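Chains L and P are the protein sequences, given in the same order.
Read in this note's numbering, the first sequence has 67 at position 67, and its numbers run on one by one without any break.
Heads up, this note's numbering is the position in the second sequence plus 310, with the first residue counted as 1.
Source of the hints: derived by calculation from the structure; they are not laboratory data.
Source: prediction; values computed, not measured.
One or more hints might be untrue.
To be verified - Pairwise CB distance ranges, derived in the manner of DEER restraints:
1) Pro95(L) / Lys534(P): 35 to 43 Å
2) Arg63(L) / Gly357(P): 36 to 44 Å
3) Phe530(P) / Asp38(L): 51 to 59 Å
As the list claims (entries may be wrong) - List of simulated lysine-lysine pairs, DSS-like, C-alpha gap at most 30 Å:
4) Lys90(L) / Lys618(P)
5) Lys618(P) / Lys552(P)
6) Lys293(L) / Lys309(L)
7) Lys89(L) / Lys498(P)
8) Lys89(L) / Lys128(L)
9) Lys698(P) / Lys600(P)
10) Lys309(L) / Lys262(L)
11) Lys89(L) / Lys358(P)
12) Lys5(L) / Lys309(L)
13) Lys277(L) / Lys309(L)
14) Lys622(P) / Lys89(L)
15) Lys204(L) / Lys255(L)
16) Lys505(P) / Lys90(L)
17) Lys498(P) / Lys93(L)
18) Lys93(L) / Lys505(P)
19) Lys128(L) / Lys618(P)
20) Lys505(P) / Lys128(L)
21) Lys534(P) / Lys498(P)
To be verified - Far from chain L, by Cβ distances over 12 Å, these chain P residues were calculated:
22) Pro312
23) Tyr508
24) Asp512
25) Asp593
26) Ala685
C-beta: ideal position from N, C-alpha, C; glycine also.
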Amino acid sequence: MTTLKELSHKEELLTGGHRLCAGCGASIAVRSILLAADAPVVSGVATGCLEVSTTIYPYTAWRTSLIHNAFENCAATVTGVETAYRSLKKQGKLPADRELRFAAFGGDGSSYDIGFQSLSGALERGHKFVYVCYNNEAYMNTGIQRSGATPLGTWTTTTPVGAAHTGKEEHHKDLTFVAAAHDIPYVAQASVSHPRDLINKAEKAFQANGPAFLNVLAPCPRGWRHESNLTVEVAKTAVETKIWPLYEIENGEWKLNNRPKKDRPIEEYFAMQGRYKHLTAPANAEIVEAYKKEVARKWSRLMRMCGEKE
Amino acid sequence: MPTTVAITGNSAIAIAMRQINPDVVAVYPITPQTSAVEEFSDYVAQGKVTTELINVESEHSAMSACVGASAAGARVLTATSSQGLALMWEVLYIASASRLPIVMYNSNRTLSGPINIHCDHSDSMGARDSGWIQIYSETAQEAYDNMIQAVRISENFDVLLPSMVMMDGFITSHALDRVDILSDDDVKGFVGEHKPAYTMLDPEHPITVGPFDGIGGFYFEYKKAQTEAMHRAFDVIEQVGKEFEQLSGRAQPIIEEYRLEDAERAIVVIGSTAGTAKDVVDDLRSKGEKVGLLKIRLFRPFPTKRIKDALKHLNAVGVMDRADSIGGMGAPVYMEIRSALYNLDTRPIVQGYVYGLGGRDVGKTDVLKAFDDLAEVQHAGEPSDIVKYIGLKE
């Protein structure tokens, strides 16, 4: 486990000058994760905020080799790169001492929805790569539309709030569980608010002997409707209200990494974000109850899986 | 030493792939390409190639992984057909824009719906704008020859565009035919070492592939550059063809002109039907009719000048298309032939015929119908703007 001091001396692999919004959770996640690699990284990125903002021709913010292919095939694309590396190395067409790590970055749109198949296939085939989902709970790049990661009751531009409907009417997928169901060596849920935890997890992910999956909560000030300096605070609240638990699954062993000391009310989380402002209305109390019930249900389930007592 | 064998078109492709011995193959099965993939998988299992085979979970992922592997500097082959090619559609454009020399066998099968596993050219015709070099094979021999040449064509630094090599699904892919296979050493020597134009795997020189092109960007110029590469491909294809002819003894014409020189009317066709049509030409010739055939082998880049030169002296040209463009003025090949001849001071009458969709069998009688109709059209002095159908159940 690298110390913070050691990490602070490492070269930043995502340079400044990119066009992501001030306060964007995605850039925090990517910078932290790239610091954790124990060898040079070769990355892939799906179409989305991260891609369009960091690779505006003729500039690129990436000090690693990067490939952008399309929206739903980042995982498949990186497995192609990784396989080429193995093939060329095996044949002696690359120096035998060239160690590389492979990472694929996709938003929740790409990972939960349109790129779900590509992700699943890549995990099933057992390629040695780290898949990072930077999760801002909607299709942010195209204008804050709902995704399979958007929680119940959330306002988005395709699940708006009106007389007939109130935000998203379905619970979201649990992609972390889905990844775990592929029985890959390393799966973890992390947050930009807990950088030490995130970097530890990224280190383990890069060292895993097979596919690794990181689901990283990365708030979007624009889409979540909060001030751009509150990204970390909002993510921290998600963790402390048990909405976004921090846990990992190492070779099938489930481990809870963070146990909130106090039971922060979920209303505090909603109060920080404009995308939930409609939930203060008494008419929407049922939605709040359903949301809380779901958080509690998933927390209990997670406790059981991790062998923890509630 | 070459060997003469009786094998299917798919087997010929599998053998070509084995001899090319690519670094990576990412592939998904689909009828009628499957047996080529299965046979290649056998070679992998037997350790006869050093290829890393990725059995992906869809054709979209197959082409995506091919793009990744090729961008990483690997020599990459793949194969598909019909719905698979259609599923890859967006990635085809990305592959050619990324200037990746991926070579793909496409077993021509019609596009659903209705779902039909038999031959027509709707799949590859649908991809004709994607920036891929397109080479059509009449026989299993041609498919074998084309697959090997495609590697050299695509990887040439004046080109750097992906290629797709077609043969008719089932008709050629699954029928036994005589094929002369080159020796492993000959093929290895012919394709040579892959020297990629770029690689992502050098940490000293990281690159970004597929960046974002903004409104003030260079998309338009980039597309022009691809077009220029396509134009440069003509000379490369001919040069590679000449080298291959020296090696194999088989000429590799971009277009095949069959008894065209003194013909008055001729049919233009792609694929296995050319074989049938040549027989019909011979029959008609023996009756004194001045007929000929133009078989198109290279469709992209479209050999406008060569086609113009080959057809300009004719009175009438009948273009047989094994695909259609619903709502278009006509079917793909017909439209391009017509356009190619438009600027001639004296130009042949051009009549379009759609045939063989969904694997509808095409025999000598059907091709004869085209020649006979063309004779009437020639006699009447004007074609019908409406494309005619051959082989419909009526």
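Going down the list of hints, with the structure as the test:
1. A beta carbon spacing of about 38 Å between Pro95(L) and Lys534(P) agrees with the range 35 to 43 Å that was offered as a hint.
2. Remark: the range hint 36 to 44 Å for Arg63(L) to Gly357(P) is upheld by a beta-carbon distance near 39 Å.
3. Separation of Phe530(P) from Asp38(L) is about 43 Å and departs from the stated range, judged on CB atoms against 51 to 59 Å.
4. Note on Lys90(L) and Lys618(P): the hinted pairing is violated, with a Cα-Cα distance of about 50 Å set against a maximum of 30 Å.
5. For the hint pairing Lys618(P) with Lys552(P), the CA-to-CA distance comes to about 22 Å; that is within 30 Å, so the pair holds.
6. Our distance criterion of 30 Å between C-alpha atoms is met by Lys293(L) and Lys309(L), whose separation comes to about 18 Å.
7. Restraint check for Lys89(L) and Lys498(P): satisfied, since their Cα atoms lie roughly 20 Å apart, inside the 30 Å limit.
8. With a C-alpha separation of about 14 Å, the suggested pair Lys89(L) and Lys128(L) falls inside the 30 Å cut-off, and the hint holds.
9. Among the hinted pairs, Lys698(P) with Lys600(P) is consistent with the structure: their alpha-carbon atoms are about 22 Å apart, no more than 30 Å.
10. Proposed proximity of Lys309(L) and Lys262(L) is supported: the alpha carbons are some 15 Å apart, at most 30 Å.
11. This hinted pair checks out: Lys89(L) and Lys358(P) have alpha carbons roughly 18 Å apart, not beyond 30 Å.
12. Annotation: proposed proximity of Lys5(L) to Lys309(L) is violated, straight-line Cα distance about 35 Å (limit 30 Å).
13. This hinted pair does not check out: Lys277(L) and Lys309(L) have alpha carbons roughly 34 Å apart, beyond 30 Å.
14. For the hint pairing Lys622(P) with Lys89(L), the CA-to-CA distance comes to about 54 Å; that exceeds 30 Å, so the pair is violated.
15. Taking the CA atoms of Lys204(L) and Lys255(L), the gap is about 14 Å. The hint holds against a cut of 30 Å.
16. Taking the CA atoms of Lys505(P) and Lys90(L), the gap is near 17 Å; set against the 30 Å cutoff, the hint holds.
17. Distance restraint check for Lys498(P) and Lys93(L): the Cα-Cα separation of roughly 16 Å lies within the 30 Å cut-off, and the hinted pair is therefore satisfied.
18. For the suggested pair Lys93(L) and Lys505(P), the alpha carbons sit about 11 Å apart, so the restraint of at most 30 Å is met.
19. For the suggested pair Lys128(L) and Lys618(P), the alpha carbons sit about 53 Å apart, so the restraint of at most 30 Å is broken.
20. For the suggested pair Lys505(P) and Lys128(L), the alpha carbons sit about 26 Å apart, so the restraint of at most 30 Å is met.
21. A distance of roughly 34 Å separates the Cα atoms of Lys534(P) and Lys498(P); the hinted pair therefore is violated under the 30 Å criterion.
22. For Pro312(P), the non-interface assignment is confirmed: its Cβ lies about 27 Å from the closest Cβ of chain L, beyond the 12 Å cut-off.
23. The non-interface label for Tyr508(P) is inconsistent with chain L: the shortest C-beta to C-beta separation is roughly 10 Å, within 12 Å.
24. Not every beta carbon of chain L lies more than 12 Å from that of Asp512(P), the smallest distance being close to 8 Å; the non-interface claim is violated.
25. Separation of Asp593(P) from chain L is adequate, the least Cβ-Cβ distance of about 50 Å exceeding the 12 Å criterion.
26. The claim that Ala685(P) is not at the interface with chain L holds, since no C-beta of that chain comes within 12 Å of its own (minimum 50 Å).
The structure fails to meet hints 3, 4, 12, 13, 14, 19, 21, 23 and 24 from the earlier list, while all remaining hints are met.
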